[in-house]
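Last residue of the first sequence: 484 (UniProt numbering), numbering continuous.
Some clues are possibly wrong.
Derived Cβ-Cβ restraints for the label pairs, each shown as a range [as the list claims (entries may be wrong)]:
1) Ile162 x Glu432: 22 to 32 Å
2) Asn407 x Arg323: 35 to 45 Å
3) Met481 x Lys409: 18 to 28 Å
4) Pro226 x Lys428: 36 to 46 Å
For lysine to aspartate or glutamate, the following EDC-like pairs were computed, each having C-alpha atoms within a straight-line distance of at most 20 Å [as the list claims (entries may be wrong)]:
5) Lys300 x Asp244
6) Lys266 x Glu231
7) Lys409 x Glu420
8) Lys291 x Asp244
9) Lys334 x Glu319
10) Lys284 x Glu274
11) Lys248 x Glu331
12) Lys266 x Glu331
13) Lys271 x Asp244
14) Lys411 x Glu432
15) Lys284 x Asp244
16) Lys177 x Glu432
Simulated from the structure, these hints should not be mistaken for lab results.
In this text, a Cβ means the ideal position worked out from N, Cα and C, and glycines have one as well.
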Amino acid sequence: MPGSDDANAERDETNTQATDETQNRGHHMITRSKSGIYKPKGNTTSSCEEGNTFSFLIEMGYEAEEAYTAIERCGKDTPIMDVIEFIDAARMRHDAHAAPSEVKIEKLQSNRYKHELNESTRFKKQKMDKMAHRPNKMIGFGVPGVPVPPMVINRNLPHYTIGPPYFYYENVALTPKGVWSTISRFLYDIEPEFLDSQYFCAAQRKRGYIHNLPTNNRFRLLPIPPTTIQEAFPLSRPWWPAWDTRTKLNCLVTCVGSAPLTERIKIAIEKSGENEEPPSHIKKYVMNLCKKWNLIWVGKNRVAPLDPNEMESLMGFPENHTRGGGIGHTERYKLLGNSFQVDTVAYHLSVLKNLFPGGINVLSLFTGVGGAEVALHRLGIPLKNVVSVEMSKTCRIVVQSWWEETNQKGKLIHVPDVREVTEHILKKWISEFGGFDLVIGGSPCNNLAGGNRVSRDGLEGQHSSLFYEYYRILQSVRHLMRAS
DNA sequence: TATATTCGGATATCGAGC
DNA sequence: GCTCGATATCCGAATATA
Numbered sequence: 001m002p003g004s005d006d007a008n009a010e011r012d013e014t015n016t017q018a019t020d021e022t023q024n025r026g027h028h029m030i031t032r033s034k035s036g037i038y039k040p041k042g043n044t045t046s047s048c049e050e051g052n053t054f055s056f057l058i059e060m061g062y063e064a065e066e067a068y069t070a071i072e073r074c075g076k077d078t079p080i081m082d083v084i085e086f087i088d089a090a091r092m093r094h095d096a097h098a099a100p101s102e103v104k105i106e107k108l109q110s111n112r113y114k115h116e117l118n119e120s121t122r123f124k125k126q127k128m129d130k131m132a133h134r135p136n137k138m139i140g141f142g143v144p145g146v147p148v149p150p151m152v153i154n155r156n157l158p159h160y161t162i163g164p165p166y167f168y169y170e171n172v173a174l175t176p177k178g179v180w181s182t183i184s185r186f187l188y189d190i191e192p193e194f195l196d197s198q199y200f201c202a203a204q205r206k207r208g209y210i211h212n213l214p215t216n217n218r219f220r221l222l223p224i225p226p227t228t229i230q231e232a233f234p235l236s237r238p239w240w241p242a243w244d245t246r247t248k249l250n251c252l253v254t255c256v257g258s259a260p261l262t263e264r265i266k267i268a269i270e271k272s273g274e275n276e277e278p279p280s281h282i283k284k285y286v287m288n289l290c291k292k293w294n295l296i297w298v299g300k301n302r303v304a305p306l307d308p309n310e311m312e313s314l315m316g317f318p319e320n321h322t323r324g325g326g327i328g329h330t331e332r333y334k335l336l337g338n339s340f341q342v343d344t345v346a347y348h349l350s351v352l353k354n355l356f357p358g359g360i361n362v363l364s365l366f367t368g369v370g371g372a373e374v375a376l377h378r379l380g381i382p383l384k385n386v387v388s389v390e391m392s393k394t395c396r397i398v399v400q401s402w403w404e405e406t407n408q409k410g411k412l413i414h415v416p417d418v419r420e421v422t423e424h425i426l427k428k429w430i431s432e433f434g435g436f437d438l439v440i441g442g443s444p445c446n447n448l449a450g451g452n453r454v455s456r457d458g459l460e461g462q463h464s465s466l467f468y469e470y471y472r473i474l475q476s477v478r479h480l481m482r483a484s
């Protein structure tokens, strides 16, 4: 099924509906009263404070049966926002197995949302776009050594997202317009933390993170890795020309420069003669290529792409993390280019150390080569149970090897397909482990990344639409844990 | 307006191994 | 001669900032 046209068509259809539902839900025709109960904005006749949740849901366009079931299962005193979340999650689960017909989508749209296409909708959207605006310097909610205004750190999370289960979602910062607004709208209107890994290592990596973690008393992993190219590659210093003024590498990606390319650069420089500084047009030509392909100087007039070991080191992984096990060069580049920068993510996750001194249970979605697991381990947070969802067999081998080599005492469960993570199996895990403490993952960025010339088609793209699977699973975990 | 950056994908080619 | 993996080269645009 993975990759098949039918599967994709089905997922696309599901996602279309999901987007509409949540975007519209995101308008919040509901406000929070002083008692913490939600009620519809400008319509006092269906206040939930009066115990009229059922009528309100019907008015919102929910079907009687699902409204009734949801109230039964959530409890009569549950705030209406939580009931709506419950229903949405149920729909997502249902849709994951059976795509709704177009007729049903039309029905939902016409009944439930027709009254929401108004001024407040547009206002809300504008506000969201503004909220997801990326700042000039991507320092997130603070980086070590850079003072940040307290108002940035003391953010206001929606009350229903405070506390466990903690979640952490990551993707590229520079997406097509509107993508982060949509992601944020799904993930409870939480403001993304846009942060560049250049504050943690010698390479840039502009990423957005949406999470409900506390942000005070964060700390860095030790030892602090080199933060400039020159510190990271001391052997290259003698060969580094004065006219290459880079101190940080650009984003480490999955594609690397070729050997013939580096040879062309060498020839171009040497054309200008022995011991002569090249003319400006040659310097510009060379610098463009060096920046584009992240080349470093490794000899006289000789540049080279990073090797996989160097990439591993820059990304914060242990030496030889992706080496062996029959994994080729090209594949290592691909795996590492798609990974977390460990020091950066660990900085965010560091607040979990005091919260879970006995260790944590992790649901790791799109695990890759285990950036999150490595970060938690290096922070000294014991991994009690880790469910790792990752379709690449190579990645699973890497994570399994790391798990064994670091003598983990906990339990690691591999799940190859995200669609296997059903409510049923989640319920089983939650009951077995006592719940998940952290749901973490970065969904595929293929269709969001700037380097993609073929299929940069946004959040609904073939791969990047897996974001909705992250959302579906997170929703299920939140509701199941609340129910248990 | 000019410049810089970007967790990429499709295709052809090459060579090792069979 | 075939398969298969590795390699090389081609392919611009969206976005932001100066």
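Tested hints:
1. Range check, Ile162 to Glu432: Cβ separation about 26 Å, and the 22 to 32 Å hint holds.
2. A beta carbon spacing of about 19 Å between Asn407 and Arg323 contradicts the range 35 to 45 Å that was offered as a hint.
3. Taking 18 to 28 Å as the suggested C-beta distance range, the pair Met481 and Lys409 conforms, at roughly 24 Å.
4. Hint check: Pro226 to Lys428, Cβ distance near 45 Å, so the stated range 36 to 46 Å holds.
5. Restraint check: the Cα-Cα separation between Lys300 and Asp244 comes to about 14 Å, which is no more than 20 Å; the hinted pair holds.
6. With a C-alpha separation of about 24 Å, the suggested pair Lys266 and Glu231 falls outside the 20 Å cut-off, and the hint is violated.
7. With a C-alpha separation of about 25 Å, the suggested pairing of Lys409 with Glu420 is violated against the 20 Å cut-off.
8. Proximity of Lys291 to Asp244 is assessed by CA-CA distance (about 10 Å); at most 20 Å being required, the pair is judged to hold.
9. Restraint check for Lys334 and Glu319: the C-alpha separation of about 17 Å stays at or below 20 Å, so the hint holds.
10. Pair hint Lys284 plus Glu274 holds up; C-alpha atoms about 19 Å apart against a cutoff of 20 Å.
11. Restraint check: the Cα-Cα separation between Lys248 and Glu331 comes to about 24 Å, which exceeds 20 Å; the hinted pair is violated.
12. Our distance criterion of 20 Å between C-alpha atoms is broken by Lys266 and Glu331, whose separation comes to about 27 Å.
13. Under the criterion of a C-alpha separation no larger than 20 Å, the hint pairing Lys271 with Asp244 is consistent with the structure, at around 18 Å.
14. About 12 Å separates the Cα atoms of Lys411 and Glu432, which keeps this hinted pair within 20 Å; it holds.
15. Proximity of Lys284 to Asp244 is assessed by CA-CA distance (about 10 Å); at most 20 Å being required, the pair is judged to hold.
16. Only pairs whose Cα atoms come within 20 Å are accepted, and Lys177 paired with Glu432 is rejected, the gap being roughly 42 Å.
The structure is inconsistent with the numbered hints 2, 6, 7, 11, 12, 16, although it conforms to all the rest.
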